[in-house]
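Novice: Residue-level listing of the chains:
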Amino acid sequence: MNRAPSLTQLQSTVEPTAESPSSDASSGTASGASAAEARSLLATAWLRIRRSKIALLSLCIVVAIMLFAILGPILSAMSGNDPFTSNTSPDVLDDLQTPGLPLPGYMYPSAAHWLGVEPGLGRDLFSRLAYGGQVSLTIALLSTAVSVVLGTVIGAAAGYFGGKTDAIISRIMDLFLAFPHLLLVLSLTPILQSRLRNTALGQGSFLPMASLVIILGFFGWAYLARIVRGQVLSLREREFVEAARSFGASHLSVLFRQIIPNVMGVVLVYATMLIPTNISAEAALSFLGVGVKDPTPSWGQMLNAAQSGNWYLSDPWFLAVPGVMLIVTVLAFNLLGDAVRDALDPKASRH
Amino acid sequence: MIRFILRRTGSLILLLVAVSFITFTLFQLGPADPASAACGQECTPERIAEARVALGMDHPFFIQYFDYMRGLVSPRMIGAPGAESLCQWPCLGKSFQTNENVSDIIARSLPYTLSMAIGALVLWTITGVGLGLLAALRKGSATDKFIVAAASVGVSLPIPVTGLFLLLVFVNQLHLLPFTTNEINSPFGAQGPWAWVLNYFLPWVALAVLFSAAYIRVTRTNMIETFSEDFIRTARAKGLAPRTVTFKHGVRAGITPVVTMLGMDIGLLLGGAVLTEQIFSVPGLGFTAVRAAISGDLPVTMAITMLAAFFVIVANVVVDLAYAAIDPRVRLQ
Numbered sequence: 001m002n003r004a005p006s007l008t009q010l011q012s013t014v015e016p017t018a019e020s021p022s023s024d025a026s027s028g029t030a031s032g033a034s035a036a037e038a039r040s041l042l043a044t045a046w047l048r049i050r051r052s053k054i055a056l057l058s059l060c061i062v063v064a065i066m067l068f069a070i071l072g073p074i075l076s077a078m079s080g081n082d083p084f085t086s087n088t089s090p091d092v093l094d095d096l097q098t099p100g101l102p103l104p105g106y107m108y109p110s111a112a113h114w115l116g117v118e119p120g121l122g123r124d125l126f127s128r129l130a131y132g133g134q135v136s137l138t139i140a141l142l143s144t145a146v147s148v149v150l151g152t153v154i155g156a157a158a159g160y161f162g163g164k165t166d167a168i169i170s171r172i173m174d175l176f177l178a179f180p181h182l183l184l185v186l187s188l189t190p191i192l193q194s195r196l197r198n199t200a201l202g203q204g205s206f207l208p209m210a211s212l213v214i215i216l217g218f219f220g221w222a223y224l225a226r227i228v229r230g231q232v233l234s235l236r237e238r239e240f241v242e243a244a245r246s247f248g249a250s251h252l253s254v255l256f257r258q259i260i261p262n263v264m265g266v267v268l269v270y271a272t273m274l275i276p277t278n279i280s281a282e283a284a285l286s287f288l289g290v291g292v293k294d295p296t297p298s299w300g301q302m303l304n305a306a307q308s309g310n311w312y313l314s315d316p317w318f319l320a321v322p323g324v325m326l327i328v329t330v331l332a333f334n335l336l337g338d339a340v341r342d343a344l345d346p347k348a349s350r351h
Numbered sequence: 001m002i003r004f005i006l007r008r009t010g011s012l013i014l015l016l017v018a019v020s021f022i023t024f025t026l027f028q029l030g031p032a033d034p035a036s037a038a039c040g041q042e043c044t045p046e047r048i049a050e051a052r053v054a055l056g057m058d059h060p061f062f063i064q065y066f067d068y069m070r071g072l073v074s075p076r077m078i079g080a081p082g083a084e085s086l087c088q089w090p091c092l093g094k095s096f097q098t099n100e101n102v103s104d105i106i107a108r109s110l111p112y113t114l115s116m117a118i119g120a121l122v123l124w125t126i127t128g129v130g131l132g133l134l135a136a137l138r139k140g141s142a143t144d145k146f147i148v149a150a151a152s153v154g155v156s157l158p159i160p161v162t163g164l165f166l167l168l169v170f171v172n173q174l175h176l177l178p179f180t181t182n183e184i185n186s187p188f189g190a191q192g193p194w195a196w197v198l199n200y201f202l203p204w205v206a207l208a209v210l211f212s213a214a215y216i217r218v219t220r221t222n223m224i225e226t227f228s229e230d231f232i233r234t235a236r237a238k239g240l241a242p243r244t245v246t247f248k249h250g251v252r253a254g255i256t257p258v259v260t261m262l263g264m265d266i267g268l269l270l271g272g273a274v275l276t277e278q279i280f281s282v283p284g285l286g287f288t289a290v291r292a293a294i295s296g297d298l299p300v301t302m303a304i305t306m307l308a309a310f311f312v313i314v315a316n317v318v319v320d321l322a323y324a325a326i327d328p329r330v331r332l333q
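In the order they appear, the protein sequences are chains E and W. Residue numbers for the first sequence follow full-length UniProt numbering, so the first one is 1 and each next one is one higher. Residue numbers for the second sequence follow full-length UniProt numbering, so the first one is 1 and each next one is one higher.
Please note that a few of the clues may not be correct.
[Claimed, not checked] Derived Cβ-Cβ restraints for the label pairs, each shown as a range:
(1) W:E229 x E:V324: 36 to 44 Å
(2) W:V148 x E:P73: 47 to 55 Å
(3) W:R108 x E:T199: 52 to 60 Å
(4) E:D294 x W:R70: 53 to 61 Å
(5) W:R70 x E:L71: 53 to 61 Å
(6) E:G248 x W:T256: 42 to 50 Å
(7) W:P242 x E:N310: 49 to 57 Å
(8) W:M77 x E:T88: 51 to 59 Å
Calculated directly from the structure, the hints in this document are not laboratory data. By construction, the Cβ of each residue, glycine as well, lies at the ideal position given by its N, Cα and C atoms.
Put together the whole structure using the sequences plus the hints.
Specialist: Set out below in structure tokens:
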């Protein structure tokens, strides 16, 4: 954090001179500058993370989980199964004592089914976990991206322009923070889905994913915006902003080239913390039956399947598979978030 | 102080009106057609038209909003001309599914939500503040490290997983506790307070695990900060007993952020613990809202969302006022 502002201060004294000859040249330096900025931020974070064993471990787990999700279809093909084919034959599922319960050979990990099969439909659990991870993480990452873009731009605009703009935006942020998120998201998701149904976004299994990304993204920006606004309030008084303005840079260009690059540290911290929140939110909504629905798998949907029909009571393994995966993922992201925060924003504390 | 209270109350009312307006807009303009949701199965175009009139949707949007708000303070007639029925104040409309007054549905669900909130609150405040304080007092020790690690794990436990796990172990396997029943919704009921505690114990634990983790962190950070301040050193130097220094001087000064958090969380929880109520089948506000959201029962979801937002906002203002009463510096800002 210490190094970042001085770097951009340097850039900002250089940039306006580059801006005058041609607009092409200036956009070239701007993208080059922001790349350097991003690298220095991540490099700073990496330097600190490397020193802590817990941070390193959580980073490794996060990377492993991402790889697991990305390679999901390949891994599941390697295991010789897919997440949608059901197998209810009596050699797989019990049909005497507890109809639908996998027989012992199929309930737990085996060579044919790496994590056993689902009760009821007999689908391969490993494939569902892998495909589900893809769905869960895609929703969490995309909705985080939506919130981060909205929060950064809106918060920076409020802090930079001040006055009436700030007053109005701040009131809107208060409103967004006052709404009980889960309840609102829960009740608006079916509504949004019925709206999206006839558009390009609303096709097939894409519909619940798109609506979750939109809703979680749209209701998650306010907290970040408030933090960014606070940072920008002090940033805008700094000399390099004045310098850029006096060279004739427009407000928009100052906002996007001088102000926002300087708050990227804080943005990165809150983005890392928003990801586990959104993973939990997806799990919660799908668990409640308004998010991802069967046959599309997601970790929340798998929890929902474990609860429906009380399968988790006769087959606790069916609850443990998505449950442990969720806990490990959220915990790893949370610990990584803590580490990134300690590295980039030592003053901020959670809550 | 009075001006401060007036100013906060003024902005409270503005915020409440804004929240009600936004919720109303989102729900009324949101769905493809509330009328077809209201008319249910076997819908003909004529019945949809009837439903539109019955819902007052033939009126301009602002009139609809105004009518809705008027219903909060005075009784009004709802329904198609000729088939109107009286809706007593506070009128929040009628359920599409059962045609029941939404206010009655809310009144029926509220005791369950209150039962959940009160016990969970007590449980997580005791464990959260207690463990946070213990960690702060033994900063750097193994106890501290263990508590901090436990808090990190606790905050990462999704409620569906903890809730189902608790049910599996304590109800299904060990038979230590009964499965939650709808018959008990207050400690003063026919079966007495002990049955109430047993009935809600697992939901309380599920909520407390998640919430106390945050309280541990905040309490620990604030107490460590407070214990390093000059007035604590002075109190120690005076020769006060360590216990007096810790509780009379330290906790008193360091606990205010926890009070703020507590106020906000009470507000949040009064709107219904959506997931926990769902897992333990407790028919509180959150449970009712989920059912209504899935079946497209708009008046019910809308009213509960509004109510929950009201609780959060009011809690916010109460916390601000309490803070101002405790700490005179706040008023000057």
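Novice: Confirm or reject the claim that P242 of chain W and N310 of chain E have a C-beta distance inside 49 to 57 Å.
Specialist: Cβ of P242 of chain W to Cβ of N310 of chain E: about 52 Å, so the range 49 to 57 Å holds.
Novice: Given a hinted range of 53 to 61 Å, is it respected by the beta-carbon distance of D294 of chain E and R70 of chain W?
Specialist: This hint is violated: roughly 44 Å between Cβ atoms.
Novice: Looking only at beta-carbon atoms, does the pair E229 of chain W, V324 of chain E fall within the given range of 36 to 44 Å?
Specialist: 43 Å, holds
Novice: Is the gap between the beta carbons of M77 of chain W and T88 of chain E within 51 to 59 Å?
Specialist: About 55 Å separates the Cβ atoms of M77 of chain W and T88 of chain E, which means 51 to 59 Å holds.
Novice: Does the Cβ-Cβ separation between R70 of chain W and L71 of chain E fall within 53 to 61 Å?
Specialist: 59 Å, holds
Novice: Within 52 to 60 Å: is that where the Cβ-Cβ distance between R108 of chain W and T199 of chain E falls?
Specialist: 39 Å, violated
Novice: Range first: 47 to 55 Å. Now tell me if the beta carbons of V148 of chain W and P73 of chain E are that far apart.
Specialist: 39 Å, violated
Novice: Could you see if the CB distance from G248 of chain E to T256 of chain W stays within 42 to 50 Å?
Specialist: At roughly 48 Å between Cβ atoms, T256 of chain W and G248 of chain E fall inside 42 to 50 Å, so the hint holds.
When held up to the earlier numbered hints, the structure conflicts with 2, 3, 4 and fits the remainder.
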